[in-house]
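Working from the sequences, and respecting the hints, build out all of it.
Chains as they are written, first to last, in our numbering: chain A, 36 to 150; chain B, 3 to 113.
Keep in mind that a hint or two might mislead.
[Claimed, not checked] Okay, derived cross-link-like pairs now, SDA-like style, lysine to any residue, Cα gap no bigger than 20 angstroms in a straight line: (1) B:K100 - A:S110; (2) B:K69 - B:K44; (3) B:K100 - A:T42; (4) B:K100 - A:N100; (5) B:K100 - A:F45; (6) B:K100 - A:E87; (7) B:K44 - A:F45; (8) A:K106 - A:D91; (9) A:K92 - A:R103; (10) B:K44 - B:K110; (11) B:K44 - A:P74; (12) B:K44 - A:T42; (13) A:K106 - B:K100; (14) B:K100 - A:T140; (15) B:K44 - A:G38; (16) B:K100 - A:R103; (17) A:K92 - B:T98.
By construction, these hints were calculated from the structure, which means they are not laboratory data.
One letter stands for each residue in the lines below.
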Amino acid sequence: NAGVTQTPKFQVLKTGQSMTLQCAQDMNHNSMYWYRQDPGMGLRLIYYSASEGTTDKGEVPNGYNVSRLNKREFSLRLESAAPSQTSVYFCASSPGTGGANYGYTFGSGTRLTVV
Amino acid sequence: QKEVEQNSGPLSVPEGAIASLNCTYSDRGSQSFFWYRQYSGKSPELIMSIYSNGDKEDGRFTAQLNKASQYVSLLIRDSQPSDSATYLCAVLLSGTYKYIFGTGTRLKVLA
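Rendered as C-alpha cells:
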C-alpha cells in the first residue's frame, strides 16, 4: 500500500525553467492538496482539489498551476521557476470531500532548489 | 494575526516527563483540529484529531480542545527521546476545504 507517492524527490532548476511535480494516491481519497514548507513559515497551502474536477487557490498560488488529472493524480506545475520557489513541496490527500473532518496523508516530499 | 499560532520552541523536557504543546487559532467557527508529528527531513504524520471540547486520549497522547478560548493542546506523557520532533497544529477553516497549519513547535526529549 503506497499511500501518497510524489515524484521527483529532489530537483534542481535554473531560473526560468519549468517543471511538473507529480502526485498520486491509491487510497481512493477525494481531496488532494499541495503545500510548500519553508523554514520559519510552516506549511502553506498552494492549491487544493476538493474533489475530482475541481481546483482552488490556497494561500500562496502565484507562480503555480495545478491539474487534477483524475481521482488519483494531482500535479503541480511551475511555469517559470524563481529562486523564491526553492522549498520542500508536499502533496497530501484526505478521504472526505473537502470540509469533512479528516486529516491528511502526506507524500514524502520534493526538495526543489532554483538557482 | 496569524490564523494558527504555535510557540516555535525548542521545548526541552527530560525523559519520562509530560510535554505540553499549545496552539491558538483565530477562526472561531473552526470545528476540526489536528496534531501532526514531523521528524527532521520527513513528511508530517497525523497523530491526533479532535472535534469536541474536552480531552481525547490515545495511548501516551492527549489532545485538549477549548473552543471558547480558541486553543488546542497536546500532552505527551512519559516522553521518550523518540518523541523529539516538530509538532504541527492544523485547523480546518470553517466553511472551507482549507487546512491551515501553525509553524510548529520543536520538542526535544533529553535522555
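Self-check item: Hint numbers not upheld by this structure, sorted from lowest to highest
Solution: Per hint list: 2, 3, 5 violated.
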